Amino acid sequence: MLVTGKDAVVVQGVTGRQGSFWTDRMIECGTRVVAGVSPGKGGQVASGIPVYGSVADAAKEHPLDVSVLFVPPLAARAAALDAVHAGVGKLVMLTEHVPYQDVMEVLAEARDHGTQVLGPNTAGLVVPGEASVGIMPGHVGSIFRPGRVGVISRSGSLGTLVALQVAAAGHGQSAFVGIGGDPILGTTTLDAIRTLDDDPRTDAVVVVGEIGGTMEEDAAEYVAGMAKPVIAFIAGRSAPPDRRMGHAGAIVTAGRGSGESKVCALAEAGATVVDLPSGIPEALRRSLRSSPRP
Amino acid sequence: MKLLEYQGKQLFADVGVATPDGEVVADAEAAASVAGRLGEPVVVKSQVPAGKRGRAGAIRFADTADAARQAAAALLGTSVGGHVVGRVLVERAVPIVRELYAAVLNDASGKGPLVLFSTEGGMDIEEVNAGTPERVARLAVDIRAGLTEADATRLLDGADIAAGTRAQVAATLVRLYELYRRVDADLVEVNPLAVVEGGRVVALDSKVSLDPGALRRHEDVVAGLGGDQARVETDLERDAREIGLQFIDLDGEVGVLANGAGLTMTTLDAVTHYGGRPADFLEIGGDAYTKATPALRLLLRKPSVRSLLVNFCGAFARTDVMTEGVVGALEELRPEVPVFFSIHGTGEDEAIATVRERLGLEPYELMDDAVRAAVDAAVV
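So the sequence lines, in the order shown, correspond to chains F and Y.
Going by this note's numbering, the first sequence opens with residue 1071, and the numbers climb by one from there.
Going by this note's numbering, the second sequence opens with residue 4, and the numbers climb by one from there.
None of these hints come from the bench; they were simulated from the model.
Treat the hints with care, as some may be off.
What the hints assert, rightly or not - If you want the footprint, here are the derived chain Y segments under chain F, 3+ residues with CB under 8 Å:
(1) 112-120
(2) 169-182
(3) 340-350
To be verified - Residues from chain F that keep clear of chain Y, each with C-beta distances beyond 10 Å, as calculated:
(4) V1168
(5) E1175
(6) S1328
(7) A1339
What the hints assert, rightly or not - Have a look at the derived ranges for each label pair, beta carbon to beta carbon:
(8) L369(Y) <-> D1127(F): 27 to 35 Å
(9) G1199(F) <-> D352(Y): 47 to 55 Å
(10) A143(Y) <-> R1326(F): 34 to 42 Å
Note that the coordinates shown come from a computational prediction; the quantities given were computed from them, not determined experimentally.
Where a beta carbon is used, it is the ideal one built from N, C-alpha and C, also for glycine.
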């Protein structure tokens, strides 16, 4: 689930205010944006790229590797299915507040068509020096620079802070993978960790988790078997517990999901768990010194 | 959005899931007259969006109309799980033979709908699941195909229920699934789903929660619920919601303004870590990043705030736009409390320059230093 400077990217919602602002930023980062999509605006040019009415139309003119969605929540399902059915291999769903049942339908259809989905409610992907797909400040050199530390984050703003800590420690990033803040996601923490573990350009992985869900616990078993060092921060440990209503959520998560449960699972798996993002530089220094390069 | 029991039961009626006869009322006299009309005995149930109402004494049985009046009078106005009881549901009591459990919910791990069923419904379902998870049957549904009667019947395979009841339960599961899809619920739960004398299957409770992201396509459903807000909120929380901000009132002294849920949570963690207490959770992430001015205005209305911590890390949210809003509000309101900034990410150069030039303040290079300074200033 990474992106390279060679990947052909299509931007859905390219003519909107955010779509056009971030298309320019993505191009600044070296991203190969080859087409835009905006229903009813086929034939126009935006940010110097041709605009089509649908991904299906764009796909007739350009081989497409990645689509990134800047579309409103209730339009996201149709836009995502357009990309999936056009055979786009990777789909980055930035949109927040997409109805969950729409997300489930998109993910089921994507699975059957072999499309990898990142998000929804993700800030996107950055491979510094190569490409940026989404709404991360990949163009800000004090935060993102080429290097060998992979960062996985549910949140864009917190991910930015963590990328900054990596840079402050004198490292750069091999990749930033924003998996998204929604409960139901195309790419999980575990999927992203596997990707970075397999990535020869990554020496260490920083995982930024949050309370809620069980994705961090689900990744722990894999982390225990990794040779590359893993550093983790879990946000929200000071939050008062949410008052829940039914039993079904508890039946499904069976006592997992709290900050402490995530910290314990990852620490037991051998990850270095820091109390605050400011602990990341020191953790990186220790981990990268003590661990042999795989 | 969590619905109250009676609201969920209205939706059950729409899809043909049976519930006991009853009516929701807001005063004790009305409770007595409903009890008289339904015929005793009745159950008087507090309408609050909290679980474990039975254990909290928020559900009472009444053998006479007079007893129903007394039960309603005792419950109305009390607090259950942090929620004030504004209404009670008065229902005819039904002769329960057996308590089952049924639910349809979004399953994050399976990335699709999940149907749960157990013959051991009632108050201890979580304990049943913890001790003997095999007694809670699970079925993952492909949302594109839906739940058929045959699927539901298969889920009940091996469950110890009579043939006549089995068909009714299967039909009920299909209807609950239909409701889940129709209103974009993220949870539809019935506990207990009762088998009553004569073999009928009746939903004695409802826990329905609607996906907030989908409410805009269900305005009719929301309107039909009668505007009874299930949530309790403080004045500040209500005002924040009305201007499209997510705000949670907390008890501390350090006012926190940050962008994005993840960064805001982390900022609260840091305040706590350095010995302070946050006054709020106030997030201006996503599209709300242009709302820094009303956000700050709101926060400064809290009398307990002794210092302000502004922590921005711009990705999608532009720190120059957010900072402009905060600085404008500070110039206008001129609060007496000290303000501490940490700013990084998209638009940081312009943002930092704005703070320096217009407020004469120096943003902290490190977030932790800004947090420590704000905590020190708040501890008098």
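Evaluation of the provided hints:
Residue count for the segment 112-120 of chain Y with a Cβ under 8 Å from a Cβ of chain F: 6. That meets the three needed, and the coverage hint holds. Using a Cβ-Cβ cut-off of 8 Å, 0 residues of the segment 169-182 of chain Y lie near chain F, which falls short of the minimum of three, so the contact claim is violated. A stretch counts as covered by a chain when three or more of its residues have a beta carbon under 8 Å from one of that chain; for the segment 340-350 of chain Y and chain F the count is 3, and the coverage holds. In this structure V1168(F) is not separated from chain Y by more than 10 Å, as the shortest Cβ-Cβ distance comes to only about 6 Å.
At roughly 5 Å from the closest C-beta of chain Y, the C-beta of E1175(F) falls inside 10 Å, breaking its exclusion from the interface. Every CB of chain Y is more than 10 Å from the CB of S1328(F) (nearest about 13 Å), matching its label as outside the interface. For A1339(F), the non-interface assignment is confirmed: its Cβ lies about 18 Å from the closest Cβ of chain Y, beyond the 10 Å cut-off. One distance hint, 27 to 35 Å for the beta-carbon pair L369(Y) and D1127(F), is violated here, with the actual separation near 49 Å.
Checked against the hint of 47 to 55 Å, the C-beta distance between G1199(F) and D352(Y) comes to roughly 21 Å, which is inconsistent with it. Judged by the Cβ atoms, the range 34 to 42 Å given for A143(Y) and R1326(F) is violated: they are separated by roughly 19 Å.
Going down the numbered hints, you'll see the structure goes against 2, 4, 5, 8, 9, 10, while the others check out.
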